[in-house]
Structures are given as structure tokens and as C-alpha cells.
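Using the sequences provided together with the hints, build the complete structure.
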Amino acid sequence: MRSVSQIESQPFRWLQARWSQVCLADGAASELGFHRLLFFGAVFAYSVARQAEIAPWAAVSPFFWRPTFFFALLNLPVLSERTLTVLMWIWRPILCLAAIGLFTRLGCWTAFLLGFYLIGLPHNFGKVNHNDAIIVVGLAIFAVSRCGDAWSLDSLIGAARNRRRTERGEYGWPLQLYRLMITLVLFAAAMAKFRNAGAAWVLSDNLYYTMIYHHYTHRPPTDLGLFFVRFPWAYKLIAGVALSLEFSTPLLLLRSIRWRMALLAAIVGMMVGFGLTLVMFWEYVTLLLIFFLPWQELGVKLVRYTAKPALFVLYDGSCGLCQRTVAVIGALDLLNRVRIYDVLADWHKLPERCSELSQQACLQTMYVVGADGQVCMGFHAYRALAWQLPLGWPFLLFAYVPGVPWIGERVYTAIAARRHAAGCPIPAPLTTTAHAAERVDP
Amino acid sequence: MRHRCPTPLVVLAITLAVLGLSAFAFFWFIPTVIIRAYHGESLAALNALIRGQATHPVDEYLHDWHDLALAILVQEAALGMILAVLTWSAFQRFVDARLGPPPPVNRFVMSARRRATISAVVLLLVGMQIYDIARQQAHWPFSNYSMYSGVQQGTMWWFRIAGVTRDREVWLVPEEQLRPFDSVRIAYAFQNLVLDQPDAAVNLELRNLYELYEAGRRSGAHGGPRLLALRLYRLEWRLDPSLANKNTPEKIEPLYEIRVTN
Chain A
9 MRSVSQIESQ
19 PFRWLQARWS
29 QVCLADGAAS
39 ELGFHRLLFF
49 GAVFAYSVAR
59 QAEIAPWAAV
69 SPFFWRPTFF
79 FALLNLPVLS
89 ERTLTVLMWI
99 WRPILCLAAI
109 GLFTRLGCWT
119 AFLLGFYLIG
129 LPHNFGKVNH
139 NDAIIVVGLA
149 IFAVSRCGDA
159 WSLDSLIGAA
169 RNRRRTERGE
179 YGWPLQLYRL
189 MITLVLFAAA
199 MAKFRNAGAA
209 WVLSDNLYYT
219 MIYHHYTHRP
229 PTDLGLFFVR
239 FPWAYKLIAG
249 VALSLEFSTP
259 LLLLRSIRWR
269 MALLAAIVGM
279 MVGFGLTLVM
289 FWEYVTLLLI
299 FFLPWQELGV
309 KLVRYTAKPA
319 LFVLYDGSCG
329 LCQRTVAVIG
339 ALDLLNRVRI
349 YDVLADWHKL
359 PERCSELSQQ
369 ACLQTMYVVG
379 ADGQVCMGFH
389 AYRALAWQLP
399 LGWPFLLFAY
409 VPGVPWIGER
419 VYTAIAARRH
429 AAGCPIPAPL
439 TTTAHAAERV
449 DP
Chain B
5 MRHRCPTPLV
15 VLAITLAVLG
25 LSAFAFFWFI
35 PTVIIRAYHG
45 ESLAALNALI
55 RGQATHPVDE
65 YLHDWHDLAL
75 AILVQEAALG
85 MILAVLTWSA
95 FQRFVDARLG
105 PPPPVNRFVM
115 SARRRATISA
125 VVLLLVGMQI
135 YDIARQQAHW
145 PFSNYSMYSG
155 VQQGTMWWFR
165 IAGVTRDREV
175 WLVPEEQLRP
185 FDSVRIAYAF
195 QNLVLDQPDA
205 AVNLELRNLY
215 ELYEAGRRSG
225 AHGGPRLLAL
235 RLYRLEWRLD
245 PSLANKNTPE
255 KIEPLYEIRV
265 TN
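From first to last, the protein sequence lines are chains A and B.
For the first sequence, this note's numbering begins at 9 and goes up steadily by one.
For the second sequence, this note's numbering begins at 5 and goes up steadily by one.
Honestly, the hints are just simulated from the structure, not real lab data.
Note that the Cβ used here is the ideal one computed from N, Cα and C, for glycine as well.
Warning: the hint list may mix true and false statements.
[Said to hold, decoys possible] Calculated Cβ distances over 10 Å to all of chain A for the following chain B residues: (1) L50; (2) A82; (3) W92; (4) A101; (5) I122; (6) D136; (7) L208; (8) E209; (9) G224; (10) R235; (11) R238.
[As the list claims (entries may be wrong)] Listed below are the simulated EDC-like cross-link pairs for lysine to aspartate or glutamate, each with C-alpha atoms no more than 20 Å apart in a straight line: (12) K135(A) <-> E180(B); (13) K309(A) <-> E291(A); (14) K357(A) <-> D380(A); (15) K244(A) <-> D244(B); (16) K255(B) <-> E240(B); (17) K316(A) <-> D231(A); (18) K250(B) <-> E179(B); (19) K250(B) <-> E305(A); (20) K250(B) <-> D171(B); (21) K135(A) <-> E173(B); (22) K316(A) <-> E305(A); (23) K250(B) <-> E240(B); (24) K244(A) <-> E291(A); (25) K250(B) <-> D203(B); (26) K135(A) <-> E179(B).
Now the structure itself:
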């Protein structure tokens, strides 16, 4: 029979198990490392943009000094302009080191401590801006985490030295925690609006006056806000949608990728809309994209996408013009989606989906065969190729315009008819005896 | 035979005891310390915490402490109640029925110290943010993000700095001429200063702005004219969607001026 003390200890063991299940969930070291790379890269870009804005605060009168909570608690002083400049110059390479994962733990801690001071300093003079506080929270989380165990130079050095990786449970909590903190930012904004204004935030002319107000005090990048204020239903609808989206931000933590992506697109769209009409919070939009896009799933899809070729190109290897054409196609094939076959030299190597083609026909014109067996030639072959070649994508903008395929076919036919008379040297076919037996009699 | 788990009752009992002790400390002991520190009769470190004797009476400090103490007591009570519910076996059975049993803790090879560190970080970060949301306060980098949370009306006011030259008066552009300040920070800074601080302090701040302006002018950071004086204005507008009155406010009220000698 269990003792009373054992019974009493079980509820706390249950709590401990649930807490570990939620907060110490398993995660992949590679996912954490990849996010570390992106996050510190973004913070580095932020530090470059703010390089000239920190040191001048040393010259501001102490009468403007209104310390924030932690600056007052820790009694942090305003350092001299030279010291601030030096600290900024130290902070930036530290961020680079943290991004590439060299001396990761030291780099992350130093980045956090310096970042807390340098990012926080301006907020002690008259006004607290809210665009970059979430960066400091991220720096703190990465400082405590084991984010250098993958996607880092430290991990390569560790592998070379046969060092054992850190324990399980270390790689899930940092990303979960930071995602939660990011969602709490917008949720906090929604709660503040609800508590301070209630329904009037949406139903009154609040957004109308806010959009106009910004043109008196700030410099919005566009006049889009002044367009929307002409229509009461528009700005009230925008206000309602914005407030709903802010309240919904914690749903970004849902497991379902489709719902998450739909909500993420809506929230990013809302933030961009704010930026075009009021003020842009670049930092927050960047963090949303870094931490909520399904990078792992995208990576898996990219690997699958590039693993199998999508198109086979069959060309006449005895034609100089054709040789130059396929050389360019090969150079443009950045995603490795195209396989090129010389119908003279490689006829016996053609995949099965090309079995219905005749060699004679392939010598007359270039053929493109798709993954589904669809055969294209002439202008349509180039249009099919454009889908697989990134630099060909702009061509697609007008390739489907009525009339363009007709013109394209005429141009292709004219060039193809004159290709052997174009004056370019035709190299000797590189066929062996075996291949020569397969050549079609002219 | 089912054993009734007394843990929630124990937790509630501990919570009540803590509340009692806290109430004693918060409403008898600490006010005494505050009064002594206000008069400089306490420990030096505590005396140094209270510096506003010239402008703030002791009742103001005691009132602020009373509000804070009540908030802390409410939070202690809430935490105790939450912990009591979490340790209640019926609640745990309810959760297990929906989520399945929790995995055993020992599947994580992390040390107990490491688990405790991570748990503390999680509780600190999430707790601080939720605290600020609940209390509508800001403790940078945590905040309730209250910008744009009010209802904007059809009129607005703003603070701007003007420079006086030999023959004219020009609005200064803070982003170019008063760096590191920008127009928004200038307006908010003086909004607080004009309300809270004596005239002499505001004049000193204007003088500091002039020094920033002059340093930028001499270093070539901006091409502004040499100034004879600096003026702080409060402007009022009736918001117009056509922005027709953007450069002609309904009201321009001069507040402060400093004269400089070059």
C-alpha cells in the first residue's frame, strides 16, 4: 500500500511531466540551428541600419533621461560616445559569429548583453518605441539555448573531434518559446485596444483620424490611408479585420500548416498594410517570416522537387546552333530540372517516356518531353522550358498572350529552316560504331 | 479503497499562510520602512531609493506602495488557486482523458539543473509579458503594446521646435538637425517634460537641443542656418483628410524660448 507521502508527491510529478511535455518538447537541432542563422543574420542587418543612431545619445542632456524598468533597476549609465561606437563595432562581428555558429554560446551571450544595452538605450530618452523589444527577447532565448549544435562551424569542429551532441529536449523549447513571445506581442496590442477603447476602436472614426493624423506627424510611404478614409465602411472594416487578426495571433502556434500559413499571410498582409498607411514594423514582419514559415517542409519539398528531372530535351547534335542553344539551356538550369539528350549520340539512352518519338523527327526539330509524357516542339517547347528555368519566368508573362504563340512558331520555323545555312561550323558527330548503326538514313 | 489526495488543500493552506504573512509585511512593516527612508532614517541603500522628497509627499509613496501591494496579493492568491487546481486529481484525470497520459519525465536525459534553468527562463519571459498585458504596464523589453490603443479624435496637438535666425523663424527637422532625436521622440519628450518639470529644466533641455543642432551644423551633418534662439511651440490642428491645413495649424502656442550667443 502506497504511503500518504507517495500519494501527495504524485500530483507534482504529473505537473512536472506535463510541464516537460509542453516546454521541453523534442525538436531537431538542425531546425534550431537554421533559425539561429536566419535570426542573427536579421539582427546583423538591423545593427547595420542602426549603426549611426546609438552613439549620439551620449550627447543628449540627462534631463531627457527617463530610464526604463531594467535600466533603472540595474542603474545602467549612458556611456560615452566613443565607448558606444566601440561597442557597436564589437556587437556586429559578434552577431556574425553567432549567425555562422562559431564560439556560439559565448557569441550568443555577448550578443544578448550588448544588444540589451545598445537596443534599449534610446528608449530611455523621452519615448519607448516598441519595434525592437522582441529582438532582445530573442537574443535572451538563443543565449540560453543550445543553438550551436547544428548548422554551425562549432558543430563541424565538434564532429571532427568526435564530440557528442547535447541531450534530447534541448532543441524544441527555444523555438516554441520565441514563437509564443512573438504572438504575445500582437495579442498584447489587441488587448490594449480592447481595454482602452472597446468597440469604439472599430465602430467609431478612430482609424479615419489615425490615418490622417499620421500625415501630420510622420511620413507614411504612401497616401493609401487618405484613399481609404473616403469610405467609412472601408476603414471600419479594416479596423475590425486588424483587431480580429491581432487577437488571433496565438493561433499561429497551431499544428495545422495550412491554417497557420493562411493566418500568417493575413497577419503579414496586415502589417504591410499598416506600413503603407501608418508606420512599418520591419523587425516584426521579418521575425514572423523567419519563425513561422515552415522551413523544414519547404526544404523537404525543394529536395523532392530537384531530385527528379521535369523535362527531357532532345536535340540534333550535328547542328551548331542547336549545340549552342542547349549549352545556354544547361547554364540556365539552376534548379537541375532539365536533362538534355543528343538524338545522334544518346538515342539508346533515352528514357521510356520518349519511346514513341522517331529519331528522324527529332533531327528536324527540338523536342521537349515532360514528366507526364507530354511532347512539345518549337515555340511550345521553349515555353515549357521557361517554367523550369528561373530566368525564363519573366518570359512566361507574355508567352500565353493570344497571338504570341503564333508569332513564336513562325519565328522558330524560319530559324530552324535556315539553321544549317547559318554559317556556323558543324562539328563532326561524336558517334561510335554502335551508335552509327542506329543512325537513320537521310 | 480510494485515497483522497490532500495536496490541493495543502496548497491552499500554504497560500493562505503566505497571504497572511504578506499582508502583515505589506500593510504594516513596509510602510514603516518607507516612512523612515523618506525621512532618511533607514539604511543608506533604502534612503537612496527615495529621492523625490522635494516634489512628492510621503503619502504619495505610501499610496503607490498600497496599490502595488494589493496587486501582489491578488497575484499570490491567483497563483495559489491555479496551483491548487493543477494539483487536484480530478483536474489531472480530466486532462489525461483528453490528451492521454503524460510521458515519463526520465525520457529527457537533461540534468535537473538544466531543466530548472530552462523552466525558469520560460516562466520569467512568459510571466513578465503576461503580467504587463494584465496590468497594462510596460517594463521594456516587455510591454502591453498600447500604441494606437486609444480612440483618436478629430483634433490633435503636437510639439515642434523652431529656430530663430536674424530675419526669420524656421521649423527645425529633428531627423536631420537634432539627431539622434526624431520628430516623434521630440514631441513625446517635451510632452512629459512640460507637464512634470519646472521651467528651468525645460530651458536646459532646449539648450541641449541647441547644442546638438550646433554640433551638427559645425560638423557639416546638416546645412541649417546659424540660430539666435530656439523656441518650443505647441500646435493644434483639426484633422483634415485633404491635409490643406498641414502647414497652417489652427493654433500655435509659444511655450519656451532660449536665446543663444554665437
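Original post:
Tell me, which hint numbers fail for this structure?
Top reply: 3, 5, 6, 7, 8, 13, 17, 19, 20, 21, 24 and 25
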